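Required output: the full structure, derived from the provided sequences and hints.
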Amino acid sequence: MAGAGGRAPLGLRRWLSSAAPAPRVCVVGSGPAGFYTAQHILKHHGGALVDIYEKLPVPFGLVRFGVAPDHPEVKNVTNTFTQTARSGRCGFYGNVTVGRDVTVPELQRAYHAVVLSYGAEDNRVLGIPGENLPGVYSARAFVGWYNGLPENQDLKPDLSCETALILGHGNVALDIARILLSPLQLLRKTDITDSSLAALACSKVKRVWLVGRRGPLQVAFTIKELREMINLPGARAVLDPADFTGLESAVKDASRPRKRLTELMIKTALEKPVEMQAAAAGAAAPREWGLKFQRSPQEVLPSADGRRARGVRMALTRLEGLGDSAKAIPTGDVEELECGLVLSSIGYRSLPLDPAVPFDSQRGVIPNSSGRVEGVPGLYCSGWVKRGPTGVIITTMNDSFDTAQSLLEDLQGGVLDLSPSREGFGLVESILHSRGVRPVSFSDWEKIDAAEVARGKAAGKPREKIVDPAEMLRIIGH
Amino acid sequence: MAAPGPARLLRAAAASSRRWLFSSTSPAAGPRPGCSGAAAAARAARPFSLSARAVLSSEDKITVHFINRDGDKLTAKGKPGDSLLDVVVNNNLDIDGFGACEGTLACSTCHLIFEDHIFEKLDAITDEEMDMLDLAYGLTETSRLGCQICLKKSMNDMTVRVPEAVADVRQSVDMSKNS
Ligand SMILES: Cc1cc2nc3c(=O)[nH]c(=O)nc-3n(C[C@H](O)[C@H](O)[C@H](O)COP(=O)(O)OP(=O)(O)OC[C@H]3O[C@@H](n4cnc5c(N)ncnc54)[C@H](O)[C@@H]3O)c2cc1C
Ligand SMILES: NC(=O)c1ccc[n+]([C@@H]2O[C@H](COP(=O)([O-])OP(=O)(O)OC[C@H]3O[C@@H](n4cnc5c(N)ncnc54)[C@H](OP(=O)(O)O)[C@@H]3O)[C@@H](O)[C@H]2O)c1
Ligand code: FES
Chain A
1 MAGAGGRAPL GLRRWLSSAA PAPRVCVVGS GPAGFYTAQH ILKHHGGALV
51 DIYEKLPVPF GLVRFGVAPD HPEVKNVTNT FTQTARSGRC GFYGNVTVGR
101 DVTVPELQRA YHAVVLSYGA EDNRVLGIPG ENLPGVYSAR AFVGWYNGLP
151 ENQDLKPDLS CETALILGHG NVALDIARIL LSPLQLLRKT DITDSSLAAL
201 ACSKVKRVWL VGRRGPLQVA FTIKELREMI NLPGARAVLD PADFTGLESA
251 VKDASRPRKR LTELMIKTAL EKPVEMQAAA AGAAAPREWG LKFQRSPQEV
301 LPSADGRRAR GVRMALTRLE GLGDSAKAIP TGDVEELECG LVLSSIGYRS
351 LPLDPAVPFD SQRGVIPNSS GRVEGVPGLY CSGWVKRGPT GVIITTMNDS
401 FDTAQSLLED LQGGVLDLSP SREGFGLVES ILHSRGVRPV SFSDWEKIDA
451 AEVARGKAAG KPREKIVDPA EMLRIIGH
Chain B
1 MAAPGPARLL RAAAASSRRW LFSSTSPAAG PRPGCSGAAA AARAARPFSL
51 SARAVLSSED KITVHFINRD GDKLTAKGKP GDSLLDVVVN NNLDIDGFGA
101 CEGTLACSTC HLIFEDHIFE KLDAITDEEM DMLDLAYGLT ETSRLGCQIC
151 LKKSMNDMTV RVPEAVADVR QSVDMSKNS
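Quick mapping for you: the protein sequence lines, in order, are chains A and B.
Under UniProt numbering, the residues of the first sequence are numbered 1 to 478, in order.
Under UniProt numbering, the residues of the second sequence are numbered 1 to 179, in order.
By construction, these hints were calculated from the structure, which means they are not laboratory data.
All of these numbers come straight from a predicted model, not from anything done at the bench.
Fair warning: there could be bad hints in the mix.
[Stated by the list, open to error] Computed Cβ-Cβ distance ranges for the label pairs, DEER-style: (1) B:Pro163 with A:Ser303: 49 to 55 Å; (2) A:Asn132 with B:Glu120: 54 to 60 Å; (3) B:Glu120 with A:Asp333: 48 to 54 Å; (4) A:Pro469 with B:Glu141: 49 to 55 Å; (5) A:Pro233 with B:Met130: 21 to 27 Å; (6) B:Met130 with A:His478: 45 to 51 Å; (7) B:Glu141 with A:Leu322: 23 to 29 Å; (8) A:Leu186 with B:Glu120: 34 to 40 Å; (9) A:Leu264 with B:Leu122: 21 to 27 Å.
[What the hints assert, rightly or not] Pulled a few chain B residues facing chain A out of the computed Cβ check, cut under 8 Å: (10) Gly97; (11) Glu102; (12) Thr104; (13) Cys107; (14) Met130; (15) Asp131; (16) Met132; (17) Leu135; (18) Tyr137; (19) Gly138.
[What the hints assert, rightly or not] Some chain A residues well away from chain B (every beta-carbon gap over 10 Å; in silico): (20) Leu200; (21) Glu288; (22) Thr331; (23) Ala451.
We put the CB at the ideal spot given by N, CA and C, even for glycine.
See below:
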């Protein structure tokens, strides 16, 4: 049952009666983790002041730069984030890279508590020969490119081949497959950047293989995204029924999500090609996509002149163990898959931020318990940097509430010492000023936002993202 | 066991702000209300037209009790055809994180657990709702997504439960009355 009801918060009384200084909290990163942590603290502590620092001039992290342009409904969460930012007790300071422009120890001197919510800015690497050949891109860079992330605007992926291979069976892999195969008129109405739309208009890619090292029972993507791919107009799913033999009974006792996901794959695999073609409005679908299983990438193969990728050699695998924990063991057999474009979608990765912050480089997270950074009182973490780079926004929301809860407990229990009053942004501002850094406020962002929406309107898009930070700063007169 | 505890409603927070947003912005995809007719029209025309409102006497209203995560009981009323998300938003019910995607079947934060006898009579669930529900926390046999459930007279006085968010039941702290 819903348990944790009403223990009389003793700390509360003390708070009300004393003129204790307001706790000043700093949050690093303005993605869902940063905003949900701030929201929870502000809501459950009527006196707390929260400042959010963000590296980019614009807020919202992966909601702006990760979530696919054809998923506008997911971005509705920014409405709630905007309300949080507009609260009188919340500050937003964009264009400030923590660890470079201001250090974590400096933030600790300015605030009673610091929450690290800076996400996962890098990606895992395969560590195989040929990975750096032209024609091979990380999913992270590709997503950043079509979503207008400034650092990826020079990617200019080569889309002149017919077959693309996506390594990995996660939702990011499906996002990319969908963007590569979506009819242009669908993308045109989204906030995808103009330049990537132009590049996709010239794309020759008509076949996309998504390749996983384990089997259908271990795919990491979710059913909504798979169904969307199956229903994509003008694209045909190619699934090999042999891959699914016997799985119906294997999932009988699996959890409902796993069972439904597997059943949808089986149903799609068994659908007769004839029916499929009839369904594809007359003509045979010109584009197709498929899932390949139990293939672990071994080497990206160079073209004859050695100048670009021409395919990937895969080690075939067998599975040891059952369910989620099954391991892919190479059988010794290999297979070469021809393709001109390789997208490595095997996960994001967090980086250490500051020598003052412990970091578990093995797991790529800040070691913590319930968001309290191990060994550093007053330091907290939330989101992907706390948990690792998996989970949808609701997962991130829950773990951010959990971290906020820990912080509130520490305030209540007196673990966080409020007796030295802290200056908050006042102190940070002078540090930034001395280093020539000019932060972007939330109302500055709202001007950039308005400019983007206005540019988009002319083209019938929800917005045309500005991709050059210098241009953003010009708009706000910096 | 739902001991009283301090009131934890900070009215200015999420729900009320969302209401403001509903009437002033039009999200790109527009909400896809699960309920047809009245609710959709009301949503589009929010704030409600007075005439439509006037014809509803208080007897036509349906009372719903929500058991919040902390065990607190929140009671609110809605019109037939309103979705449970509408009820939460229109009444500024303070449920953490509820309705993040504003009813567009893209988040599962509106997950609610129903009483058996009510659950059995709910309209059939669509594949799309089930797909999203599969991602919800603390899924039960009588779970549904609140933004897809529309009020009917027969639901009057029903109780729905907000599932636990985090796996471990933690003591939640509330210091919202400090200032
Ligand atoms: C491609 C992709 C698509 C996704 N699509 C969906 C979806 O459709 N639905 C869904 O529910 N979930 C989706 N997710 C998952 C969701 O985006 C994550 O759960 C969530 O964004 C994680 O939140 P976060 O705040 O931890 O990280 P982020 O969102 O990455 O936020 C971190 C923020 O910190 C900032 N930052 C980094 N370093 C510093 C620094 N040194 N100083 C200051 N600021 C810094 C970053 O610029 C960024 O704004 C998707 C993820 C990806 C990768
Ligand atoms: N629409 C949405 O809701 C949406 C969209 C995008 C992203 N997201 C979320 O964002 C999170 C991140 O997504 P993601 O796709 O980046 O990560 P992910 O879900 O963790 O998937 C990573 C994939 O890469 C594979 N992989 C990892 N290392 C590999 C290696 N060395 N060789 C071959 N394959 C390897 C994994 O296979 P193994 O299982 O074998 O390790 C897995 O299939 C996920 O939680 C996702 O659900 C959600
Ligand atoms: S509000 Fe997002 S799914 Fe119901």
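Tested hints:
no.: 1; hint: B:Pro163 with A:Ser303: 49 to 55 Å; in the structure: holds, 54 Å
no.: 2; hint: A:Asn132 with B:Glu120: 54 to 60 Å; in the structure: holds, 59 Å
no.: 3; hint: B:Glu120 with A:Asp333: 48 to 54 Å; in the structure: holds, 52 Å
no.: 4; hint: A:Pro469 with B:Glu141: 49 to 55 Å; in the structure: holds, 50 Å
no.: 5; hint: A:Pro233 with B:Met130: 21 to 27 Å; in the structure: holds, 23 Å
no.: 6; hint: B:Met130 with A:His478: 45 to 51 Å; in the structure: holds, 48 Å
no.: 7; hint: B:Glu141 with A:Leu322: 23 to 29 Å; in the structure: holds, 25 Å
no.: 8; hint: A:Leu186 with B:Glu120: 34 to 40 Å; in the structure: holds, 39 Å
no.: 9; hint: A:Leu264 with B:Leu122: 21 to 27 Å; in the structure: holds, 23 Å
no.: 10; hint: Gly97; in the structure: holds, 5 Å
no.: 11; hint: Glu102; in the structure: holds, 5 Å
no.: 12; hint: Thr104; in the structure: holds, 4 Å
no.: 13; hint: Cys107; in the structure: holds, 6 Å
no.: 14; hint: Met130; in the structure: holds, 7 Å
no.: 15; hint: Asp131; in the structure: holds, 4 Å
no.: 16; hint: Met132; in the structure: holds, 6 Å
no.: 17; hint: Leu135; in the structure: holds, 6 Å
no.: 18; hint: Tyr137; in the structure: holds, 7 Å
no.: 19; hint: Gly138; in the structure: violated, 10 Å
no.: 20; hint: Leu200; in the structure: holds, 19 Å
no.: 21; hint: Glu288; in the structure: holds, 23 Å
no.: 22; hint: Thr331; in the structure: holds, 33 Å
no.: 23; hint: Ala451; in the structure: holds, 17 Å
This entry does not satisfy hint 19, going by the numbered hints stated previously; all others are met.
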